[in-house]
Amino acid sequence: MRSTLSLKDRFSRWLPRLVLSPSLVAIIVGVYLFIAWTGWISLSSSKMVPKYDFVGLEQYIRLWSTPRWETAVANLFVFTVLFLAITIAIGLLIAILLDQQIRAEGFLRAVYLYPMALSFIVTGTAWKWILNPDLGVEKVVNDLGWTGFVFDWITRPEYAIYCVVIAAVWQSTGFAMAIFLAGLRGIDTSIIKAAQIEGASLPRIYLNIIVPMLRPAFLSVIVLLSYISIKSFDLVLALTGGGPGNSTEMPSTFMFSATFRRNQMGVGAASAMMMLMTVAAIIIPYLYSELKEARNEH
Amino acid sequence: MSTEARSARRAHQFGRLFIYGSLIALAIFYLMPLWVMIVTSLKSLDEIYSGSFIGLPQAITFEAWEKAWGQACIGTACDGLRPYFVNSLLMVIPAVALSTAIGAINGYILTKWRFPGANFVFGLMLFGCFLPFQAVILPMAQLLGSLRLSGTIPGLVLVHTVYGISFTTLFFRNYFITIPDELTRAAQIDGAGFFRIFFSVMLPAALPIIVVSCIWQFTQIWNDFLFGVSFTAGQSSPITVALNNIVNVTMGRKQYNVDMAAAMIAAIPTLVVYIVAGRYFVRGLTAGAVKG
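So the sequence lines, in the order shown, correspond to chains P and L.
Using the working numbering, read the first sequence as starting at 1 and increasing by one per residue.
Using the working numbering, read the second sequence as starting at 1001 and increasing by one per residue.
To be clear, the hints were calculated from the coordinates, so they are not data collected in a lab.
Fair warning: this is a prediction, and the values are worked out from it, not measured in the lab.
Any given hint could turn out to be false.
[As the list claims (entries may be wrong)] In silico SDA-like cross-links for lysine to any residue, where the CA-CA straight-line distance does not exceed 20 angstroms:
1. P/K8 <-> L/F1133
2. P/K231 <-> L/I1189
3. P/K47 <-> P/E58
4. P/K8 <-> L/I1189
5. P/K139 <-> L/Q1255
6. P/K292 <-> L/A1118
7. L/K1254 <-> P/G243
8. P/K47 <-> L/G1145
9. L/K1254 <-> P/P133
Produce the entire structure from the sequences given, and follow the hints as far as they go.
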């Protein structure tokens, strides 16, 4: 059979693979080879320029004994927990409210979602102005008559990270809402009707029946928001610049300043590898389960 | 009407009131920053410093917009955002076109010309959607340097195209998988080859996903900051980097109105796309959460 294939047939059999190969090469080089390269730099003594020697885990030891990195990791933890909890709570609430046969639903949905179209730099710029205590929200409330009102978190090292949370929640709620709403629309409404006839109140029905059915939507939202929070870089830079002091340093901003500002390329590469491993630990099982389920469905 | 029915109706009305009240309050919260940006950009600096934050401008002035567009200082150059806006356009148009075209043909191959290992190849590409770019910027900087593309727009086009392929391939693969194989098989029996089928069978059917892909890529690339700040400096920067530089000027009295006008200028292209084609934007957004 094989020997009867003409040259033309053989060419047309290989053509698709040939057309796909430049993309595959680009991904293998741009993603996997570059990751290996970064990994190598993280094991070398590179400072200002890459040096391809081998010093073992020295840079990782240096990284984990840097107080600034510890601050960054602690901030990432606080930020991720709050950002996920608040975004999911508000996103789910809006999705449920919108699912009650609302007039002007399309318009409202667009309002909640538009921040997702903005750059984090724009978001950071806007919120920096709003949270500014001299002229922003604090002043507005003071002028309204509540003169004792203080809202100067952005200038205080121990609270500035919460400002980053506020801006990030504002930007990302619409995304959580969109996924939850898609999940809600996939649920058979006769379940709600049946439970209502049984005499259950609407909040009860949602809490006990509908929300547990949204498990896949929850999984997607949690994974994708965690990914957003680990790589969040632009927002921190635009909103606080990592300050006051180093108080809002995050792994992403640490990596950038170590590599490009402080001539610690090895430490920067080590921090990048830590970020990558964290993302991979979340994303790979997720992708695996998504692909496996998809295969079972076909 | 019985009292029972009346109280049930009242409870229902109260519920509706609560729902609409909450939705409107939340909408005001989400619109507030945009409102503040717009009104601040239309005020004079004196009015801002006299303490007007949320209210309408007493006298509308476009001075801040003119400054942000043509005169604001970024580094040592005082040409405003205009050159950087042009940079971003020169970067975003080819990068969107290239990554979408490549994604389309990849999706076509991965669904209609499946070969052993096709799923594995797709999996390899998929991880690229979730790559924290910090893990590749160092080698990418080296590569751009050796290609003599560092600090140039073509360099950024290359970077955005490479890292855009993952998403565009995902979009098109998930779309083409819903097109029945019979269609391509029939075309094959009629003698159509690989490219004929792609151009005359697949592409005409793919219009919605082409729009989704273009909008997604446009938003991502226009809004990118990390690549811009890592691979360019000075005059060749995209608009997000220039905006960040304007805002972080520390000399003199802070020109909040110019900052807000600059932020609006950087935001308008993606906002316009969102308003015009929001439906497609949402589809791109949720594609990462939809089963592959």
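Which numbered hints are broken by the structure, listed smallest first? Failing hints, ascending: 1 and 2.
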